Structures are given as structure tokens and as C-alpha cells.
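**Student:** Protein chains in written order, with numbering that gives the first Met the number 0: chain E, 0 to 260; chain Z, 0 to 506; chain X, 0 to 226.
Hints were generated in silico from the structure; no laboratory data involved.
No experiment lies behind these values; they were computed from the predicted model shown.
Idealized CB from N, CA, C, for every residue including glycine.
Be aware that a few hints might be false.
Unchecked claim - Only pairs whose alpha carbons sit at most 25 Å apart, straight line, appear in this in silico PhoX-like list of lysine-lysine:
hint, chain 1, residue 1, chain 2, residue 2
1, X, 108, Z, 134
2, X, 155, Z, 337
3, X, 35, Z, 186
Stated by the list, open to error - Some chain E residues judged to face chain Z by a derived CB distance under 8 Å, without partners named:
hint, residue
4, 49
5, 102
6, 162
7, 179
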Amino acid sequence: MKRIPKLALTVGLIAAVYGLFVAVFTYILHLPVPASVMKMYMFFVTVVVLLVMTSNEDSARELVAPLEALVYQPRLRRLRAAVFIVAPLAGFGLTYNVTRPTLDAPLELRTVHPAPPNSVKVFGKTYNLLTLENPYRAKEKSDLEAFRQAVEEGKTVYFQNCHYCHGDKLDGKGHFSGGFNNPLPANFTDVGTIAQLQESFLFWRIATGGPGLPNEGAPWASPMPVWSNYLTEDEIWKVILFLYDYTGYAPRVMKEEKGHS
Amino acid sequence: MMLSNAPLAQALMALFILAAASPASAQQALTPERAAKGKAVYEKRCAGCHGLTGQGDGPAADRLRPRPRDFKTAFYKFGDTVFGKLPLDAAIFRAVAEGLPGSSMPGWKDVLREEEIWDVVAYIKEFSRKFARLKERGEKLEPLEIGTAPKLTETDVQEGKELFLKNCEKCHGKAGRGSGPSAVALKHDLGDRIWPRNLTKGWTYRNGNSIENIYRTAAGGITGTPMPSHLESLQPAQVWKIAGYVDTIVQRERPKTSEVIIGKPIEGAPPAGPDDARGAEAAATLIPLVGQIIEGERWFTPTLDSVQVRALYDSKMIYLLVEWDDPSASPLAEPNDKFPVNEPDAFAVQLPVTIPAGMEKPYFLGGGQNSPVILWKWTNGGAVETLSSTGILKAEPFAGPAASALSANATYVDGQWRALFTRPLAGGGDGDLTIETGKYIPIAFSAWDGNNGEKAEQRAISIWYWLLLEPPTPLTVYLWPAIIGLLIAGGELWLVRKTNQHAHKKE
Amino acid sequence: MNTIRLCVGAACALTLLYTAPAGAATVKGVISTPKKAGAPEAIKVTKDHAICGAKPLTKEEMLVSGAGGLKNAVVIIEGAGKAAPGKGGIAQQGGRFEPHVITLPAKSKLEIKNNDGISHNFHSFGFENDPVNFSQPGEMKVKVVDKGFDYPEVIKIQCDIHEWMNAWIVVSDESAVAVTGADGSFSIANIKPGNYTVKVWHEKLGEVTQKVTVKDGDNQVNVALGK
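Work out the full structure: start from the sequences and follow the hints.
**Tutor:** Spelled out as C-alpha cells, the structure:
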């Protein structure tokens with residue numbers, strides 16, 4: 000069997016590793032790999048492959064032989080001319096791609112669930128968020144009928160006020176979410192939102208809205224209204240009940256041992 | 000932003016549609032047992048808008064336009080039958096599964112199983128006794144015959160245009176933007192105000208925007224609305240020609256939104272007005288607008304849904320060209336008795352007072368107490384003014400010593416406003432923005448449709464976007480690539496010389 | 000419920016064919032209102048002025064004579080006889096419907112004329128009856144609708160192209176019906192003496208019913224609406 004030329008083997012090997020990366024991350028794991036990380040991987044791969052290929056004198060000579068041939072073999076004149084014209088142009092193009100001005104939006108970092116303050120002033124009162132509880136939560140066990148009634152009232156509040164952005168399905172895809180899309184309205188069905196939060200956190204976020212966010216939450220960008228202007232304290236607790244009831248999630252509780260015997 | 004996976008998403012969507020469509024066409028027996036099962040699903044998923052008694056009066060109903068369907072009157076808009084006739088089961092199934100684009104009705108097939116959707120269809124049919132009566136009378140629903148779209152020649156489409164102008168223009172307007180003279184006085188059968196479709200925005204067609212869908216709606220009309228059926232007055236072949244013409248003016252996909260409006264440097268004569276062809280030299284950015292439902296008297300039912308923005312500038316001035324579709328130029332020249340409301344149309348551009356240095360911006364909704372913004376506001380038939388604002392309820396005449404000279408020139412043609420705002424780049428001093436090239440400047444928009452009763456904070460708004468006046472490209476951008484290119488070329492020459500010497504020596 | 004009504008209706012129709020000649024009484028009267036209406040308000044014509052503005056148009060929803068007589072009220076003597084299906088007519092003419100109020104026996108056909116030579120549409124707001132809405136361009140001078148008026152119901156008619164154009168069709172399965180004239184008067188002949196309920200409907204003033212005893216000869220029944 001004829002041996003594969005060293006140069007082809009080198010290029011092929013690097014290409015194969017690249018293909019493998021792409022296949023594994025994009026099509027199997029569905030993890031998008033940032034271009035910069037990919038570049039770094041491939042740099043090391045290339046170095047390693049070249050090190051192996053040039054581990055002894057003969058091997059190194061064999062690797063560069065075709066390149067040498069390209070430069071001085073008279074029969075490769077045409078190919079040589081083409082390569083010599085294309086190479087500087089490619090260098091120009093690739094460099095331009097790096098130096099050209101990009102007109103993309105500046106990157107804005109925003110904390111999606113910023114740490115809540117210890118207390119919040121709203122409805123003319125000060126609430127201690129560390130101990131604040133939904134007054135209707137206990138009724139789930141003590142008075143189921145009253146609890147269901149509160150959930151139903153919360154549903155009315157939701158559909159009169161919230162579903163325009165947060166959606167009929169609570170998925171954050173209401174018909175105004177196409178315009179209020181940065182930040183996107185919270186998707187309550189996602190495991191990363193209310194399922195991870197305490198009811199007191201929701202109370203704080205609803206009552207004080209976008210303008211009540213700390214600076215790391217970009218209060219200037221959030222279209223979430225200050226709901227204390229439109230809803231009563233009671234209505235806010237009821238709508239919180241509804242969010243958990245509809246999605247089937249349970250709120251995170253402060254002390255796991257408490258109440259859940 | 001969120002559309003990077005669009006082709007994949009579309010492919011998946013297509014699969015879903017295929018998966019949902021095939022069973023939909025297979026008629027299911029809608030038994031009372033089914034309806035009983037559908038009740039629970041309905042009460043959890045549908046009652047918020049359609050109401051527990053199915054009369055389209057759930058808690059959200061008053062704040063939605065179009066209003067949720069009232070299942071008791073059974074005026075189903077898209078029933079695959081001719082105007083006034085009850086809908087086919089498959090058409091109800093399709094509306095529930097796929098949703099109605101451009102309205103607040105979402106598609107439910109990602110949440111409900113196919114069986115559950117049929118249960119719901121069975122249940123909502125029980126709200127009206129008309130379905131039972133139909134059975135008693137032993138009648139069957141006749142589906143609206145569509146057939147397949149014929150091959151249409153250019154002459155056919157031209158004829159379609161003439162038919163359109165004769166039969167559809169009164170409501171849909173000359174350019175199809177829903178701005179005909181009758182558009183401002185239309186009511187749904189149940190009394191709500193209703194607007195004709197802007198036929199250029201295909202992504203808002205409730206019942207799909209394929210040519211077959213267009214034919215179906217044009218031929219059969221839309222039950223409960225002023226949209227009549229046309230098969231009494233036109234031959235199917237003529238309706239196909241109209242559909243063929245609409246096919247040429249519809250843009251099916253919603254244009255992608257970019258976060259940055261890129262201002263283009265121009266030389267020579269600046270654009271003379273909003274219709275000057277120079278405006279088209281800059282790239283257009285389509286910015287979505289939604290109701291202001293955050294402060295004061297909230298506005299849930301705006302008519303305006305987007306604005307297209309272009310920016311140009313020269314050494315002294317900025318030219319901001321904004322275009323938005325509006326079904327009427329109000330105040331109306333000929334107000335009607337049905338809807339006497341007749342406020343002026345208006346538009347405002349919102350900018351910060353100074354270009355923010357860091358990430359922090361003024362509050363997007365008219366600025367904040369400690370973060371004022373300026374507004375460039377144009378009002379139809381009124382003044383063009385620079386306002387200072389520290390909140391959406393707190394816009395006042397310009398607060399600083401003098402605002403830079405602002406002018407705006409607007410025209411309204413066939414359902415579209417085009418306004419050209421012109422202002423020196425330099426601000427007027429304290430409290431006024433100086434616009435610099437190469438800097439990202441937050442920008443937001445507000446639009447008022449006066450004929451829809453919009454005024455003050457009741458309007459359509461956008462969130463913050465960026466305005467970037469693209470600086471002339473510096474030479475250094477080309478310098479490095481040139482150096483690299485030359486280095487490679489030099490290296491090649493050196494190689495050639497070296498190998499030539501080598502060859503000579505060998506000889 | 001509806002099948003019962005249908006059967007009863009059919010039975011009544013048959014009985015009435017037999018009993019109708021016996022009716023010798025006439026019911027006459029004036030429908031009036033104490034409401035002062037003044038001269039009818041002018042309509043704002045906003046399009047097609049050449050045709051719709053040729054003759055000044057005024058609102059027809061409340062036409063009261065100097066003596067208080069109410070025009071376009073519908074009088075129905077319930078139980079006096081079953082109406083036989085037939086054919087009614089209405090025209091789109093000069094930017095208005097002529098006449099403004101018609102009565103129509105249930106299951107009748109309706110002939111709609113367009114005498115204007117411009118595009119109108121004919122849009123009925125039925126609930127019991129399936130609504131109808133079709134475009135009627137100038138060339139379509141006559142269109143006969145043979146379905147859509149099967150059940151007794153007051154149906155509003157609208158031309159959406161010309162927003163001020165509306166009319167009313169009172170579909171009834173009673174044979175003893177009348178629309179009042181300009182002075183509010185009406186006259187219904189061939190009624191069999193007996194006790195009846197008279198129903199009066201007006202588009203603005205709503206509906207009232209009144210018990211009456213009809214005797215041989217002329218009977219005066221005056222009803223006031225909108226007190």
C-alpha cells in the first residue's frame with residue numbers, strides 16, 4: 000500500500016480533529032462553542048500535530064518536500080503563480096476582517112436575578128424580605144377552599160395586567176413581548192425563574208417593578224411596571240399564588256425544615 | 000438577538016405544522032364525553048380571555064383588540080366556510096393549535112396534546128346552540144371551495160390590481176395598508192371598533208399568508224366583520240387574480256430588528272424632504288412598538304406596531320427619516336359620526352441629554368427624576384418641538400437655555416407617514432444633546448395614532464435602541480492588512496530568490 | 000325548542016288559512032312618543048359625495064311628527080295569524096337604504112337593489128339568523144338572498160363602506176304586522192276578534208307590549224314609547 004504523503008496527513012489530521020470538535024459540540028451536545036475558544040483549541044492541536052510530524056529529520060524533510068517542490072519545481076509554475084497571488088490577498092483579507100470596525104450593539108451585562116435588599120419600602124410600609132411570607136400560602140393546608148378562591152382571584156389579576164407580556168401560557172411570550180424584548184419578559188414555566196425564588200423575592204420584584212431594581216439589574220431598561228401603583232398588596236400575593244399554581248412549581252422556602260414535616 | 004436560530008426554528012415549526020395538520024384534517028367525533036373533558040382544559044387555558052361562559056369576556060377581554068372570540072354568537076372569523084356560516088371543526092382546531100398571528104391568541108400545540116385540543120374544540124362548540132340546531136335541521140356545512148392556485152400571468156396580476164382598486168380599496172387603501180376612506184368607521188358585529196388588515200404586513204395575517212389563504216379570505220369574507228364575501232359579485236378566477244395581486248404587495252416575514260440604527264455619512268446635497276431618494280442610502284431598521292402599559296393611564300390597544308428608521312449625517316447636521324404605517328392621517332379632514340374621536344397623529348424621538356459614558360442610561364420610559372431625556376416631537380398640524388422629560392408623565396418645554404434648531408417635515412401617502420427630522424449635530428447647550436460620530440447613543444421612539452384616541456401617555460412606545468453615526472473608516476483599518484499582505488508577498492519573493500540561488504549552485 | 004316552534008308554526012299556518020276569512024276587525028292607531036326630537040340631524044357624508052350628497056341626508060333613527068307621532072315603529076299583533084314566506088325588498092339608493100325599516104315574514108327571500116352605480120356592501124347583523132355580508136358593486140343592480148331570514152329576529156343592516164348607511168329588517172312569523180308612517184299611524188285589517196298582545200318595536204326606543212281586546216269593526220290602539 001502506498002503511504003499517504005506527510006503533508007496531506009498533517010492537514011488531514013488537523014481537519015479531522017476540527018470536524019470532530021464541531022460534530023461533538025454542535026450536533027451531539029448542542030453546546031455552541033465560542034469562536035475564540037475554538038481558535039485556542041485548534042492552535043494547540045496544530046502545534047501538537049506539527050511537533051509529532053517533525054519529530055525526526057527525515058520526517059520533517061518529508062513534510063516540507065512538497066512545499067519546496069512548489070517553490071522551485073518548473074512543472075508547478077502555474078500553481079506556484081496562483082498560490083503566490085492568493086496568499087498575500089488572503090493575508091490582507093483575514094487581517095481586514097480583524098481590524099474592520101464592527102457596528103454591533105455594545106455588550107450589556109445585566110444580572111437577571113439580582114440579590115434582593117433586606118427590606119423594601121412600599122405601600123407606606125417597610126417589609127423585611129428575609130421573613131416575609133405569602134399570607135395565603137398557609138391556607139393551602141388549613142383552608143383549601145379559601146386557597147383556591149385566592150388563586151382564582153390571582154388569575155383575574157394576571158389576565159388583566161400581566162399576560163400582555165408574560166403570556167397566556169406564562170411563557171414570557173405575550174403579544175407585547177415582541178416590543179419589550181430586551182430584557183425579555185420572564186418565562187415562569189422555565190425552571191430557572193420562579194421555581195428558584197422565594198415568594199418574598201417575587202413580592203419585591205412585582206411591587207417595585209423595573210425602577211426598583213438595583214443598578215446591576217439595569218433598572219433603566221426594564222418595562223416591568225411599579226405594580227404598587229396599580230395593585231394592592233393583597234392582589235400581589237394572590238397573583239403570586241396563581242403563578243405557582245398554574246406552572247405547578249413550589250416556591251423556594253427559607254428554611255427547609257419549616258412547615259414541611 | 001433571539002433570531003439566530005431562525006432557519007432551524009422554522010424547520011422545526013414546519014415539522015410541527017405537518018404533525019398537527021394531518022390529524023386536524025381527519026375529522027374526529029366530537030362526543031359529549033369529549034366536551035366534558037375539554038371543560039377542564041378550557042377553564043385552565045382559555046377562560047382568562049374567553050371567559051368561563053365562553054362569551055369572550057374573560058378578565059383580559061376589555062384590554063384586547065381584537066377582542067377574544069365570543070363562542071356563544073359563534074361568529075368564528077376563520078371557519079373555512081363562507082361569511083356567516085358556522086366553522087368547520089378542523090378550522091377551530093387549527094386556530095387553537097396554531098394560534099392567530101398578529102393577535103394575542105397563541106398556538107397551543109406546544110402545551111396541549113392533540114387529543115386535548117379536540118376536547119377543547121368539542122367543548123367550545125357547546126357554548127352556541129347553533130351547532131346543535133344545524134344537526135337538528137339535518138344540514139351540513141359546506142367548506143369554502145379553494146382548489147389549487149392557478150398559474151397567474153403578469154396580465155392576470157395587473158387585472159387583479161384593477162379589481163383590487165375597485166373592490167378592496169375603500170377599506171384596504173390604494174397601497175393595501177388598510178388606509179382606505181372607509182377604514183376609520185368600521186365596527187365588528189358585536190360593536191367593537193375594527194380595522195382592515197394592512198396587507199403589506201403578512202406576518203399579521205391571522206389566517207395565514209399563503210396565496211390560498213388570501214383567496215379564501217377574499218372569497219368568503221370574515222364572519223362578524225365588515226369584510227364581505229366576494230363570490231356573489233366576482234368569479235373565482237377574478238378573486239384568484241386579486242389574491243395574485245395581494246401576493247405581490249405582501250411581505251410575509253417580519254423584517255429582523257437590529258439593535259443599532261447605523262447613521263450613514265453623506266456628502267453633497269442633504270435629503271430635501273422625507274420623500275427624497277437620498278433617504279434610501281441609509282440602511283433601514285424596523286423597530287417594534289407596543290402599548291404603553293407601564294405608567295399613568297395605560298394603553299393596551301395601540302394601532303401602530305412598528306417604525307422604520309434611517310439615519311444620515313454630514314459635517315453639521317443629522318437627518319433622521321422615520322416611516323410608520325398608520326391607517327389614517329388624523330385629525331381627519333372628514334371626521335365621521337361613528338368614531339368622533341379625532342386627536343392629531345404625533346411622533347417623538349427620545350434621546351439622552353448627554354451620551355452615557357458607562358452602561359447606565361436614563362429610564363427608557365421618558366427618562367427619570369435624575370436622568371432626564373430630550374424628546375423631538377412632531378405633531379400633525381402642530382409644532383415641532385424639543386421637550387425635556389423626567390418621566391413619561393413629565394414632559395415639558397425644553398428646560399435648558401436654548402435647544403438646537405430642530406425641524407421636521409412629514410408627508411402622509413396611502414397609509415404611511417414619512418417624517419424627516421433635521422437638527423445640527425451640536426446641541427444648543429446645557430440640557431441638550433450633542434451628537435457625536437462613532438458613539439453609541441441610546442434612542443427610543445413613541446407614536447400616537449390620534450384617530451385611535453391616543454394622546455399624552457396613551458401611545459405606542461419602544462424600548463431603548465442604539466443610534467451610531469458610522470464614522471468615516473480610518474486609514475489604519477487598511478494599514479495593517481496592507482502590511483501583512485506585503486510581508487507575505489516579500490516572503491514569497493525571498494523564497495523564490497533563495498531557491499533560485501540554490502538551484503544555480505547545484506548546477 | 001326550535002323544532003317545537005317550527006311544528007307549532009306550521010300547524011298555526013294551516014289553521015289560519017282556514018280561519019283567516021272570518022277576521023272582520025281592523026286595528027288602527029298611532030304610535031307616539033313624548034320625546035322631543037326636533038329636526039333630524041344632518042349626516043356627515045365622508046365619501047362618494049356626488050351620489051351620497053346629491054340629496055342632503057339626515058339621520059333616520061328618531062323621526063317624530065309635530066304631534067308626537069313616531070315614524071318607523073313596527074307593530075305586531077301576536078297570535079293573529081302566521082305569515083306565509085314571500086319576498087321582501089330593500090334598495091341602496093342615494094347613500095341610504097330605502098326603506099329604512101321593513102318587515103319580512105320568516106323564511107322569505109329578500110331582494111336587494113343597488114340603484115347607485117357605486118360599490119356598496121350588504122351586511123346583516125343577525126344572531127339567530129346567520130349573518131350575511133357580501134359586496135354589491137355598481138353593476139350588481141339586483142341580488143336576491145334566499146337564506147338568512149329564517150327565524151324571527153330584529154336584524155340591523157349596514158353598509159360598511161358608507162358608515163352612516165343602516166336599516167332594520169324585522170323578521171317575524173306573524174302575519175299582522177305594520178310599519179308606522181310619518182305621522183306614527185298604522186292600520187292592520189282582517190283580524191279575528193279576540194284578545195291579543197300587541198308588540199311595538201322601535202330602533203331607539205326599544206320594545207313595549209300591550210294587551211288588547213279586538214272587536215268587530217275598527218279598533219283604536221295607541222301606544223306611547225320612551226316615556
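**Student:** Run every hint past the structure and note whether it holds.
**Tutor:** Against the structure, the hints come out as follows:
1. X/108 with Z/134: holds, 23 Å
2. X/155 with Z/337: holds, 15 Å
3. X/35 with Z/186: violated, 29 Å
4. 49: violated, 19 Å
5. 102: Holds, about 5 Å.
6. 162: holds, 6 Å
7. 179: holds, 6 Å
The structure does not agree with the numbered hints 3 and 4 stated previously, though it agrees with the rest.
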